[in-house]
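Based on the hints, put chain B in the right spot on chain A.
Chains A and B, in that order, give the protein sequences.
Just so you know, we're using full-length UniProt numbering here: the first sequence kicks off at 1 and counts up by one.
Just so you know, we're using full-length UniProt numbering here: the second sequence kicks off at 1 and counts up by one.
None of these hints come from the bench; they were simulated from the model.
Values in this document were obtained by computation on a predicted structure and should not be read as measured data.
It is possible that some hints are incorrect.
[As the list claims (entries may be wrong)] Here are a few chain B residues that sit away from chain A, every Cβ distance over 10 Å (derived from the structure):
no. : residue
1   : 6
2   : 12
3   : 15
4   : 38
5   : 68
6   : 87
7   : 108
8   : 140
9   : 142
10  : 179
11  : 230
12  : 281
13  : 282
14  : 286
[As the list claims (entries may be wrong)] If you want the footprint, here are the derived chain B segments under chain A, 3+ residues with CB under 8 Å:
no. : segment
15  : 165-172
16  : 245-259
Note that the Cβ used here is the ideal one computed from N, Cα and C, for glycine as well.
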Amino acid sequence: MTDVALDIQGCTVAYHDTPVLWDASLTVPRGTITGVLGPNGAGKTTLLKAVLGLVPVASGRIQVFGDTYAAQQDRVGYVPQRGSVDWDFPTNALDVVLMGLYGQLGWFRRPGAHENEQARQALRDVGMLDYTDRQISQLSGGQQQRVFLARALVQDADLYLMDEPLQGVDATTERTIMQLLHNLRDAGKAVVVVHHDLHTVADYFDRVLLLNKRAVASGPVASVFTDANVSATYGTEMRASTEAH
Amino acid sequence: MDLLYELVTDYTLRTVALGAALLGMVGGSLGSYAVLRGRSLIGDAVAHAALPGIAGAFLLTGSMNPLVLMLGAATTGLAAALLVETTAHTTRVPYDSALALMLSAFFGLGLVLMTYLQRHAGASQAGLDAFLFGQAAALVTRDVYVMAALGGIALVMMLLLWKELKLLSFNPDFGHSLGLPMQLLNGLLTTLIVVAIVIGLQTVGVVLMSAVLIAPTVAARQWTNRLGRMVALAAGIGAATGVAGAVVSASMRNLPTGPTIVLCMGAVVAMSMLLAPERGLLWRMGGPRTAAPSSSNSSFSTSSPADS
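Just chain A, same shape as in the assembly (with noise of 0.2 Å):
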């Protein structure tokens, strides 16, 4: 049994010939919880949609578990961004989480009293249970963002990818949601989190990758998330000490 949830090598993507990820590597031991920061178009969600196979891999190898991401795929749980869906989807909450069950269903079953229980379940856990059954429209932006939590959950996997989770959310479900995140990570799973507030970095991650197409650097926060590191990833004007308290 390894202890590396992820290691990700020389990874290169490209769409239509423009590199979007060069060369990035990433090693995600277990029980730790990552944050990827970087600038817009640094190739964050373009890292985590490789490791699921939604975008080809130009070259580099990428191992989950020790093994193919597709061997592990049942161990692996997505929190895509809340921007990539309609929300005005007909459907409610309740209905979203139980989608993180549909893979462990199987063909043609459709969610009992058992998966309800398990969807109520996660929806307790992210603080959401009074929403269950509301259209997912009404929701507001830190609720939806919960309620993608809450389909992760009930996956219940070893290594989540996270794409901005807490985006769009307030002060106090930001702190719901990492409060979840490092019980996740207490709990010996692996957590990796595509985040985009330097001053957060410190309190929030244990081990940080800096991204520019390129890993700038990448390893435990005290070491890593320098103030060289941050100019060389966003340009000179930014710096990891620019502590806003």
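Below, chain B without anything else, positioned relative to chain A:
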């Protein structure tokens, strides 16, 4: 009352009404998925692209058997749909341009073949030109049986794959991450939509067929926020407006059935968008009590409310 009596006793009217109900029901159900995925116009491309298939099938076999013609229609319709997807996926041509391109290219080929057939093989006597605008009066019992069988298979497939198709429509990337073959499901859904289209072509015609997929869904969406109820309601609206169109066109001289059905559907859409609770225009104009956070989410926008 005379009309109701005729609906039961008159062979032509009964056949036409049954056929129209079937195509409305199947089109309304499967059209829901096309509309929810923001691909309403794929039906238009498939329907227009069916024309060269119909002409080609007649050219090759000389047969007017509905199954033969539908097979031809499905072949070119599906080919066009796949070409649209492949072009949009692998080149820099945007989806809507690829769609317009395939629609006109296939339709152009269809018109060329029809013209050739009319000159050389007597296609006008054979009634092939009816496929352009539809000719419901030409429906016979055999046609209705074929429509019922094919439409029934498509609906059963839809019900069996209910949760997979829901996921495909809402969040295909997430479905892929669960290990579900989303590409395969996408191909299957497209095939089911092609079936829904080809069974309606003889009645409604290639030009107006896309309305049968879109209109019942848009109307149904106004009344409910649940997918199951929406698909059922779209099927019901499709069937009811199909029968209504058939009856209205039979009650007046020189009123074509296909366009009348489409007009009936349009009327139900207009009524729904006006009157439906929460989403309807009147409801949303009806004072401060209705100014709930949800009221800004109209029709099929991708808007998402800001965090409050």
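Outcome of the hint check:
1. 6: holds (38 Å)
2. 12: Non-interface label on residue 12 of chain B holds, nearest chain A Cβ at 38 Å vs cutoff 10 Å.
3. 15: Nearest chain A Cβ is 34 Å from residue 15 of chain B, so the label holds.
4. 38: violated (7 Å)
5. 68: For residue 68 of chain B, whose nearest Cβ neighbour in chain A is about 33 Å away, the distance exceeds 10 Å, so it holds.
6. 87: holds (14 Å)
7. 108: holds (29 Å)
8. 140: Check passes; 36 Å lies beyond 10 Å.
9. 142: Fine: 33 Å to the nearest Cβ keeps residue 142 of chain B off the interface.
10. 179: violated (5 Å)
11. 230: violated (5 Å)
12. 281: holds (17 Å)
13. 282: holds (20 Å)
14. 286: Nearest chain A Cβ is 18 Å from residue 286 of chain B, so the label holds.
15. 165-172: holds (count 5)
16. 245-259: Result for this restraint: violated, n = 0.
Violated hints for the displayed structure, listed by number in ascending order: 4, 10, 11, 16.
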